[in-house]
Amino acid sequence: MTSKKYILGVFDDEDVLLNAIEKTRAAGTKIYDVFSPYPIHGIDDVLGIQRSRLPIVAFFCGLCGTSFALWMQIYMLGFDWPMIIGGKPHISIPAFIPVTFELTVLFASFGMVITFFIISGLRPTMKVPVMDVRSTDDKYVMAIEWKEGTDITKLNDLLRSNGAIEVNEKEVVK
Amino acid sequence: MQHVSPIREPLVTGGKTYADITEDVCRQVEAKPNIRWMMALGVSLVFLAIFFYSVYRTLWFGIGEWGLNKTVGWAWDITNFVWWVGIGHAGTLISAILLLFRQKWRTSINRAAEAMTIFAVICAAMFPVLHMGRPWLAYWVLPLPNTFGSLWVNFNSPLLWDVFAISTYFSVSLVFWYIGLIPDFATIRDRATGPIARRAYALLSFNWTGSAKHWSRYETVSLILAGLATPLVLSVHTIVSMDFATSVIPGWHTTIFPPYFVAGAIFSGFAMVLTLMIITRKVFKLEDYITLEHVESMNKVITLTGSIVGVAYITEFFIAWYSGVEYEQYAFINRATGPYWWAYWSMMTCNVITPQLFWFRSIRRSLTATFIISIFVNIGMWFERFVIIVTSLHRDFLPSSWVMFSPTSIDVGIYVGTMGLFFTLFLLFAKFFPVVNMAEVKAILKSSSGVSHTNNPDASMHGTAPNNSHKHD
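If you're matching them up, the sequences are chains A and B in order. Sequential numbering from 1 applies to the first sequence in the working numbering. Sequential numbering from 1001 applies to the second sequence in the working numbering.
Derived by calculation from the structure, the hints in this document are not laboratory data. Note that the coordinates shown come from a computational prediction; the quantities given were computed from them, not determined experimentally. Glycine residues also receive a C-beta, built at the ideal position from the N, C-alpha and C atoms. Heads up, a few of these hints could be off.
Stated by the list, open to error - Now the in silico label distances, taken between C-beta atoms and shown as ranges:
no., chain 1, residue 1, chain 2, residue 2, range
1, B, 1279, A, 168, 42 to 48 Å
2, B, 1259, A, 88, 40 to 46 Å
3, B, 1287, A, 2, 28 to 34 Å
4, A, 94, B, 1375, 39 to 45 Å
5, A, 153, B, 1196, 50 to 56 Å
6, B, 1134, A, 94, 29 to 35 Å
7, B, 1102, A, 121, 28 to 34 Å
8, B, 1372, A, 41, 48 to 54 Å
9, A, 87, B, 1070, 39 to 45 Å
10, B, 1129, A, 97, 46 to 52 Å
11, A, 94, B, 1129, 23 to 29 Å
Stated by the list, open to error - Derived DSS-like pairs (lysine-lysine); straight-line CA-CA distance at most 30 Å:
no., chain 1, residue 1, chain 2, residue 2
12, B, 1213, A, 23
13, B, 1285, A, 170
14, B, 1285, B, 1446
Please model the entire structure based on the sequences and the hints provided.
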């Protein structure tokens, strides 16, 4: 059981928040995370969040789906139990396209979504370390990790002068 | 930053704030069920009971309980299957295609429309499974190794493509819908007062916190899922249409079927979305989120797809004549003037004439007219599938086997029963899940609500961002 302390700046406007993020970062303070009730456009650049590589994951999962579907149909109808159906060749690629397409989409979407849950650490556990419950309603919360030697008063001033309506402290037990 | 468009109408009316959105959408989740909801659920459960009784009869006594005969081997069951799958399409269209096209008006209606998709596909799946006669062997349609040796399923058959298409469609739609629900579950979790509700919604919310990094990935996931679901929407009904189009029955093997079925699916799906949304917005007091602007936009889609369907009917007729194939010509003349003329002309009236009324702005913006027309479209689209299936089958190449089809009470029971199933699921969804996507509505609020939400009065007055220079909206 370790506990960590965070300084939370609560904002009620996304433009003020974006500005405050820039100012805070410019002041040399590392921002732990920002919580908002909806995706804020433009926050990735300001916070320095890199573009997600999930599209690449989706592409390779889709590729696996395509290969699996083609292999499955060619192996099953072409080699394992060849039957003549409607005079078509055993390996009739045009007839295999619908199933191949469906499995490509299925693998790509499930692979990507499962990866998304894993890398984001999202799982249906009971313990929810929410910083501030209002961040899922109408407030934006900037969290800064408290470390030895962090000057709370200075941080408080910095956040307030950049438009934070409240500055709170929160201890999260992990 | 505030953008007030002089041309576009606001998508969220009533001067809502972010907190108002949370309040309005969570209200019916948190409140005790109201009497109208209870009554509606009661009626749906009666229909659900009819469904279970009819399924029991079908399974216990066999498919002989249905009105099928040796000539018409497919009738109400496949009609209902295609009808329900078609209804499902609007949900994915609204959430996927309109997301790719950056249509902001989708945000208030996509949640309910996607739920409708899921429930409609569940209803649709009932019919082929029950038509098997022995649904406990339904896993035979999967490519599993079996005890007869490695005899595999036939990948050349459109019916097997259906298995893959419908199950993929169902799974991907379910995931898409659920991903959209996660942030909203977190909102309900954080507002919950009782421990059971908090635990339940915490579980459902997958530990969502609203972290900026998660939102960034979340948006990527939504966009890619939309990109994947878009061709999926088109492929599913295309494949369903191939059940008919790859056969040799006159009236079925036409190359226009795939695009024509897809347009018809979107047509009927939007009609069903309208039917449901007009009631939902009233019952849950969501008039500020599902506005006349939304209804009008959907009516425009109905006009477009309805016109495509109308053109397709005429094209089919023309091609039947132009092909010079006498069987094909007979099938179409028989549809319009044969013993099922009433079904054909019901279809023509409901699908070709009624949606054209939406060219009038006053009708397009009238809730009563829209509600009535949406019901007409649903009836018309049911008749479309009935006409295609039964009129083509009841008179085949051999006049000696010509028969008429009439449904039994069990046929009717299963059909109205699936409506009970659909509405029961929809009502439970509307009570326990947020019917409007709060996170997405909040995301468009600043640009599309027509009122300012910044704290800086100067910013809202002059439409400029307060003391920063970010270009975003």
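**Message:** Tell me if the straight-line CA distance from residue 1285(B) to residue 1446(B) falls inside 30 Å.
**Reply:** Holds, because 22 Å separates the two Cα atoms, which is no more than 30 Å.
**Prompt:** Does the Cβ distance between residue 1372(B) and residue 41(A) fall inside 48 to 54 Å?
**Reply:** The hint (48 to 54 Å, Cβ to Cβ) is violated, given that residue 1372(B) and residue 41(A) are roughly 40 Å apart.
**Item:** Pairwise beta carbon distance, residue 1129(B) to residue 97(A), judged against the given window 46 to 52 Å
**Value:** 25 Å, violated
**Asked** Between residue 153(A) and residue 1196(B), does the beta-carbon spacing fit 50 to 56 Å?
**Response** For residue 1196(B) against residue 153(A), whose Cβ atoms are near 42 Å apart, the range 50 to 56 Å is violated.
**Message:** Given the hint of 28 to 34 Å, is the C-beta distance from residue 1287(B) to residue 2(A) inside that range or not?
**Reply:** 50 Å, violated
**Request:** Confirm or reject the claim that residue 94(A) and residue 1375(B) have a C-beta distance inside 39 to 45 Å.
**Result:** 40 Å, holds
**Item:** Distance restraint between residue 1285(B) and residue 170(A), which requires alpha-carbon spacing of 30 Å or less
**Value:** 37 Å, violated
**Request:** Could you say whether the range 28 to 34 Å given as a hint is met by the Cβ separation of residue 1102(B) and residue 121(A)?
**Result:** 30 Å, holds
**Prompt:** residue 1259(B) and residue 88(A), beta-carbon distance inside 40 to 46 Å?
**Reply:** 25 Å, violated
**Message:** Quick check on a hinted range of 42 to 48 Å for residue 1279(B) and residue 168(A), using CB atoms only.
**Reply:** 43 Å, holds
**residue 94(A) and residue 1134(B) - C-beta distance against the hinted 29 to 35 Å** = 32 Å, holds
**Item:** Holds or violated: residue 1213(B) to residue 23(A), with C-alpha atoms at most 30 Å apart
**Value:** 19 Å, holds
Checked against the numbered hints above, the structure breaks hints 2, 3, 5, 8, 9, 10, 13 and satisfies the rest.
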